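Go ahead and model the full structure; you've got the sequences and the hints to work with.
Position one of the sequence shown corresponds to residue 894 (the working numbering), numbered consecutively onward.
It is worth saying that the hints were derived from the structure and are not from the lab. Computed from a prediction, not measured in an experiment: that's the story for all the values here. No false leads were mixed into what you were given.
Just the calculated beta-carbon pair ranges, DEER-fashion:
hint	residue 1	residue 2	range
1	F910	A935	15 to 23 Å
2	S914	G938	28 to 36 Å
3	L918	S957	13 to 21 Å
4	A935	A958	14 to 22 Å
5	G938	G916	27 to 35 Å
6	D951	S913	16 to 24 Å
7	V908	A949	15 to 23 Å
All C-beta atoms in this analysis are idealised placements derived from N, C-alpha and C, irrespective of residue type, glycine included.
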Amino acid sequence: MARPAAGRLPHLPPVTFDISSEGILALTVSVNWSRWLDKDTAEHGLVQSALDSLLADDWHPRSSARSFRL
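Dropping the structure here:
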């Protein structure tokens, strides 16, 4: 199994998400492990593909991602 990214907590899963509703539906995606953050890995590609699918379904980013293109 891949190691967590430096400074990240190893007890967290590689990717977590939270859905909330305060007038609008909001999704927060957190990437916690290096294999999912490193751009040259298959895991990163899978997360990017999921984010691209959300954008295609008319979700809008609230802020810019540090590791993924949105």
